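S.K.: What follows is each chain in one-letter form.
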Amino acid sequence: MQTLDQTVVAAPPKVPRRSPIALDGVSRWRAPLSILALLALPFLLPSQALAVNVLIYGLYAVGYNLLYGYTGLLSFGHAAFFGTGAYLTGIGIGAFGLHPLLAMALAVVAASGLALVIGTVSIRSRGIYFAMVTLALAQLVYYVALQASSWTGGENGLRGFTVSTIDLGIVSLNILNPLTKYLFVLAFVGAALALISRILASPFGAVIEAIRENETRARACGFDVERTKLLAFVLSGLFCGLSGALSAIHLSIVPLDSLAYHTSGTAVVMTLVGGAGTFFGPFVGALTVLVLEDVLSLWTPHWQLALGSVFILFVLFLPRGLWGTALGRLTALRGHR
Amino acid sequence: MIRQGPGYSAVSRRTLVRGMAAAGALAGIGMPFVARAAEPIRIGFPTPVTGPFGAEAKDQIRSAELAVKQFNEAGGLNGRMAELLVRDDKLNPGEAATRTLELIEKDRAHFIVGALSSAVQLSVNEITRSRKVLYISISQSDTINEAKDFSRHTFHEALNPHMTTAAVAKHAFKKGTRVAYLVADYAYGHEMLRGFKRAAAAIGAETAGEILHPFGAPDYSTFMPRLRSMRPDILCICNFGRDQANSIKQANDFGLKKAARIVVPVLLHNQRLAGGADAFEGVVGASNYYWRLGETVPSAKAFNDAFRAAYGGALPTDYGAYGYTAVRSLLMAVQAAGDTDTDRVIAALEALQYDVAKGSERYRACDHQAIQSVLITESKKKSEMQGEADLFKILEVEPGAEAMLRSCDELGHRA
Amino acid sequence: MDPGFLDLELIAMQLFSGVALGAVFVMLALGLSIIFGMLGIVNFAHGNVFMVGAYAGVFVMERTGSFWAALLFGPLMVGALGLLIERFLIRPLAGRSPDDPLLLTFGLGYVLVEGVRILFGSDGLPFATPEELSGVADLGIGFFPIYRLFVVGVVALVLVALWYGLERTRLGLIVRAGARDPEILRVLGVDIQRLWLWVFALGIALAALGGVLAAPMRSVNPEMGNVVLGEAFAVTVIGGMGSLMGSVVAGLLVGIVVSMTALFAPEMASIAMFAFMALVLLVRPQGLFGKPGLGV
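Residue numbers (our numbering), protein chains in the order written: chain U, 1 to 337; chain C, 338 to 752; chain G, 753 to 1048.
Derived by calculation from the structure, the hints in this document are not laboratory data.
Check each hint, because a few of them may be wrong.
Unchecked claim - Sample of chain G residues facing chain U (criterion: CB under 7 Å; computed from the structure):
no.	residue
1	Y862
2	V888
3	D890
4	L911
5	W915
6	M1012
7	A1027
8	V1035
9	Q1038
As the list claims (entries may be wrong) - If you anchor each label on the Cβ, the simulated ranges turn out as follows:
no.	chain 1	residue 1	chain 2	residue 2	range
10	U	L292	C	S744	34 to 40 Å
11	C	A651	U	L292	31 to 37 Å
12	U	L292	C	R445	23 to 29 Å
13	G	W915	C	K718	44 to 50 Å
Unchecked claim - Derived coverage of chain G by chain C (criterion: at least 3 residues anywhere in the stretch with Cβ under 8 Å from a Cβ of chain C; other residues may be distant):
no.	region
14	780-787
15	830-836
16	846-857
17	868-882
18	1000-1006
These numbers were taken from a predicted model, which means no experiment stands behind them.
Glycine included, each C-beta is placed from N, C-alpha and C at the ideal position.
Start from the sequences and build out the full structure, keeping to the hints where you can.
M.R.: See the structure below:
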């Protein structure tokens, strides 16, 4: 496995540098280990519905992390991909009577397509302008969906496509059963994680991290920075679209705020809190944020204050997130740097 | 006052049912019957505790808890107490769906009551109908009655735009009146407009013009010149919540109130507080409940008194009353059915006639819409107010009748 | 269906209300632009600061009964809050990724909204138009609230004051220089951190002033900032971050566009605004008038 020369001087890293020796064994198994951890989730959390949400938002954050944590591009418009994945799944099943898996597949393709378009258009922007462009374009998608209410249901949201069983030929899954639903979603999330792990371990994965650390130098090394960024954008859109599709199946509705600014912000918060640029970090972030929201809202209607404050504290003091900081400590303990 | 319909039968049937249940329980699980009888009746109650409608949500919770308390104090269902499981849906349909799933799967709620916004009620409904759980919505919107979203497990206790607009139009429009409409461009706004125009057509009032504004717009100054140029007798503002408070305020700023009378489909407590007495003065609208109804309707007085006693002198508001009427009608049906079995309760609810806070109400068979009276209220001038809570005066009470609803056919229900 | 649709008087009136609407956009864009031009920060909490300003106005109004006091002290109080924010939340982020202050202000937005909910409740609060400014003026082409004319006047005054301050005073010179090249300025012995502190507070105070001005026109509620954030961004980007002239022109332009689309397709207003914003970012990211640094 080729890795780039890690001694390249870079901007202050928010990410634990990959230790080539001690964690290598573990990180080779990161996908299966993650899946194993997630298998335990429905038994640890108070409800399966919450557990499915953790899976879905975890995947959403992992997809987002591909672009933000690994490639270093801060997007504020990823709700567009989540929402597209959700809406097209719902429309496919509800309006066209497609098999749920086919609808999901088409939705993911559409989300990737949208990512290609938005990516092509926004990649040329630098720094903060990139964040603003993605924000503006996502808002555009939002207002278009709002207007197309005969397809999307407008602010009432899309409904009428409830999936109760998924027919896989040999076996029929009863999705109304919470545990079955969880395993169904986990199957997709697990496959996605395995895929992302491969992607990150590939030369492509190395290049996007190079771009994050020092774009000019990466370009000087001869990498096609524009093309790589675009590919990262599309892959990110793909996985976020998948999480949206799963959300549609889970909730049986697609609310309009799947496309809203707040949903884009959620991806950012979860990734940062969990650990940008780490493999499992976004899941930790999703779990933390969702559980925090649930627990806090039981005590006080002002839980957003706590959440916002926690986020600010993370930005100031724990920019590597929970998982990132933990990994960093682990690396230090093992004596590597 | 419960009038027993065909769903209820004499004691002997109940004894028979009990006997069968006991036999079944003993045979099947071996659990003592006593334990089963003590199982509480769980009512899930999703409501937007956080967000712009927090005050309304709090009122709904208080009213719903009062209904539960009254039921329990009267002995419950042969010793089985009712329990209200309040959940914060954050006015977010996705969140509401998750909470409803939790209520059904984890908390084993028998029934669900609640929701304030239309999007939320539709999302809760989607979950409850696929899992065959009885749901009573208290959100004011037409959509849930339509065949597409309806199911036999879906009930709608609140007023809908068709009812309120018909009542307001009947009161305010005359033949030849010129009406200008300012409408929020979303489903609820369109429902209100449609209702008004239909009623106006029947009365012979003219449409001077209509303007759609983006939902959530904070500024209406760009619509005022056009509205003025229409020279209407009545300005009919079809929106809700913050939009309503803002648009009425700004219409007032632009002097439109001097030129035309302002009429709205729903005139609500919290919006009036947000807009202020001066801006709202003279505005006419409809409501499901206003505490002054206690002066003429005995059950309203009873409700006011019970609420005051339970909550230190506070009075129930319009939205709050929905929490009470919905939960009470549900518990009355449970009592009538003698059981929490969903099918039985549905039958009982369909047959129920109840008068708990505002006169007699019942659910229509084809779409489970509660047929109830509509109050026409006017916002009082500051100098006329006799106290902080004396916001409105009741101009008339339109009695509940099926004629004020859209026909079953129109909603897509097959007979 | 609509009498007077193509009436010239109506169109003139519509244009005028567009300009008046634009005045509020301008206030928001000014603060955002100044903060970006000077500190390079995109303040994602700017809309919520606007909201806090409105509440500060309510607060002062309740205690003094004077709108003029609210107009003066509201922005000052919020500006003071801005000082604290810069000093303790933003300054620690210096030297890190430029994305970090953006993220921080994003979180700050939630804190501000919830803080206001705790202090003032979630309900909308009424804010009465002051007696001396209420009523309508007959402009010949139509009636227009006197208060809105007042708002346009205040914004114009603020603009003049800012222009004078930036272009004609020594302090303004230092501010502009600091925006162009902070390093050189530091070498020349200017305490650049103090400069940043006060300029940030100024940007915040401007947003708060916008909030106090808007309070009598709209109902004051904790969500009122979320609605305006998108508009503020659009205007600032279109005009050019860091350019005051840009904020003015773009603010008025957007106000007029919103007003004119209200005539035939109001629902298109938001789509048009964001499409335009995206277009500008792609074709000319510095906006119509943007130059590096800060200036008119």
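S.K.: For each hint, tell me whether it holds in the structure or not.
M.R.: Comparing the hints with the structure gives:
1. Y862: holds (3 Å)
2. V888: At about 33 Å, which exceeds the 7 Å cut-off, the nearest Cβ of chain U leaves the hint on G/V888 violated.
3. D890: Hint violated; G/D890 Cβ to chain U Cβ min 37 Å, cut 7 Å.
4. L911: Hint violated; G/L911 Cβ to chain U Cβ min 24 Å, cut 7 Å.
5. W915: violated (26 Å)
6. M1012: Not OK, violated: G/M1012 not within 7 Å of chain U, min 18 Å.
7. A1027: holds (6 Å)
8. V1035: G/V1035 check fails; min Cβ-Cβ to chain U is 10 Å, beyond 7 Å.
9. Q1038: violated (9 Å)
10. U/L292 x C/S744: 34 to 40 Å: Given about 49 Å between the Cβ atoms, the range is violated.
11. C/A651 x U/L292: 31 to 37 Å: This hint holds: roughly 33 Å between Cβ atoms.
12. U/L292 x C/R445: 23 to 29 Å: holds (25 Å)
13. G/W915 x C/K718: 44 to 50 Å: Given range 44 to 50 Å: holds, Cβ gap about 46 Å.
14. 780-787: Our answer is that it is violated, as 0 residues pass the Cβ test (under 8 Å) against chain C, missing three.
15. 830-836: With 0 residues in contact (Cβ-Cβ under 8 Å with chain C), the coverage given for the region 830-836 of chain G is violated.
16. 846-857: As far as the region 846-857 of chain G goes, the hint is violated, because 0 residues have Cβ atoms under 8 Å from chain C.
17. 868-882: holds (count 9)
18. 1000-1006: violated (count 0)
Consistency note: the structure conflicts with the earlier hints numbered 2, 3, 4, 5, 6, 8, 9, 10, 14, 15, 16 and 18.
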